[in-house]
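Engineer: Next come the chains, spelled out residue by residue.
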Amino acid sequence: MTDLPHQAPPRKLGLVIDLDTCVGCHACAVNCKEWNTGGIAAPLTDTDPYGANPDGVWFNRIHSYETGEGSAGRTVHFPRSCLHCDNALCVTVCPTGASYKREEDGIVLVDEDRCIGCKLCSWACPYGAREYDASEGVMKKCTLCVDRIYNENIPEAQRVPACVATCPANARHFGDFNDPDSEVSRLTRERGGRALMPEMGYAPINRYLPPREVPKTASALEATADTMESKFLQWVDRILS
Amino acid sequence: MHPAYSVIFFTVASGAGYGMLFLAGVLALLERLPLSPWFAWPFFIIAFALVSAGLLSSLLHLGHPERFLKALTQWRSSWLSREGVLAIATFAPTGLFALGWLFVVNDTSDIGPVMQVLALIGSLLCVATVHSTSMIYASLKPIPQWHRGDVTVAYLVLGLASGALLVGLLGALTQTTTHLAPTIAIVALIVGFAVKLNYWRSIRRLPRASAATAIGMKPGTKVRPLDPPHTEPNYLQKEMGYRVARKHADKLRRIAGTLAFGLPLAALLVWFATDGVLAMALAVIAALSGIAGMAVERWLFFAEATHLVTLYYEGDAATD
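Residue numbers (my numbering), protein chains in the order written: chain A, 1 to 241; chain B, 1001 to 1320.
None of these hints come from the bench; they were simulated from the model. Hints may be right or wrong, so weigh each one.
No more than 30 Å apart at the CA atoms, straight line, and that leaves these computed lysine-lysine pairs for DSBU-like [claimed, not checked]:
hint	chain 1	residue 1	chain 2	residue 2
1	A	K33	A	K119
2	B	K1141	B	K1238
3	A	K231	A	K119
4	B	K1247	B	K1222
5	B	K1141	B	K1218
6	B	K1247	A	K12
7	B	K1251	B	K1141
8	B	K1247	B	K1141
9	B	K1141	A	K119
10	B	K1238	B	K1222
11	A	K12	A	K33
12	B	K1238	A	K33
13	B	K1222	B	K1141
14	B	K1247	A	K231
15	A	K12	B	K1141
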């Protein structure tokens, strides 16, 4: 069971996250928590939620960074969740078979009834996708909303992961990476979608679209600084003052 | 990485226990294992107590210890599962060997083919079990300080050294053993010291992933954390963000080096030239100091390890 699928899954479901349009509002994380605390991995336990040291299980965490320097510098908001890797070490290290990758669509899940809570899978993940639920004694992780995307009891338009459904900036996209015509494949192709830490060899499925290059138009101040006119005015300024 | 005391105790205790059981097989095959009940009974009681207490302690840190039997099922892919299977399998030949030694064998130089086979299989399984323990850590790619071949060498050699120190102590206290166990201890301590010195020297600067590739930027892009995702430390930071300050690490390395290697080596070398109560005292010092030092070494093994997930929280400063 903790062997990875022997044949590549026919469908590779995953997310494309657009770091250009993500505004860092945390709505995806909040809706993820809301859905999944009642979903198959429920509950996503919180301890001391209104006290001084709140802690709890979240499948999605939004970091904000400054990247680049000088005029190339910018703020990048970065949602971090399970990448449903093809070469998932979190699956193969599991001693019980609780951690597994689905043969049909590649989603990586935890069977909580088999999990002994040894935490080794969370050590094996460089992306920090797994969080231990101390009150339940088992490991928890993003399910790619497996209980939404195949759920025939909700309107078809809602059969996408909760984080995708709620994103107000349309920065999150869900689909099948094996289908070259899917939105996720097209976006990855057109925008140069990147895998995270490809050098680690985990072959993650999810892709992140890098921020678009800022056009190299110098600011108005820089543009006028070196013109003859401004040099003349500076000379006048020095003479008169 | 957070140094969990249960795991430190488990790896040090089971390493010493398997080291003793390994030596029992080797000494028996060399026709040098004493038959005296004053030696043999405490030997096997201590060895099995160390191994069992270690295994129980490793069960205690689980979220659902009652499901431990499930952990024996995934030996095809999981080193943790292999360790469990091998640890349990090792009880059979070593247990039968102990019973044979205590109740059947009456001539050290003629233990018979059955005991020879049990000694050989038992010793090999001891090595395989400690090897699996080390591979649980050495197989983890996100922790560069663990994902190294010398981690396995250190686990095996330190297990042998601590086992040999205990066998040497038992021999000195019961005045039954030869110089063989202390000699093995000295060799293992010297090799172990060399391996750990090289490990400590080389883990300070390891090539590894950067914050840029961690968040999907071009390699080489400067990335500085601006706003964290949450205000209080979460599981990831508590479990994997633990890091001992470098100045404390230096001090602890000196303490570990002195206690685990320096003091036991000095005590054992003097021990060869002495006898009586002084020799016993030196053997006690060597064993206690060695095992205490190995516990410090194991604590450092966790506390000095940095998990790649810290890149997300600390940026490239995490790997400095």
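Engineer: Looking back at the hints listed earlier, which ones does the structure fail to meet?
Structural biologist: 3, 6 and 14
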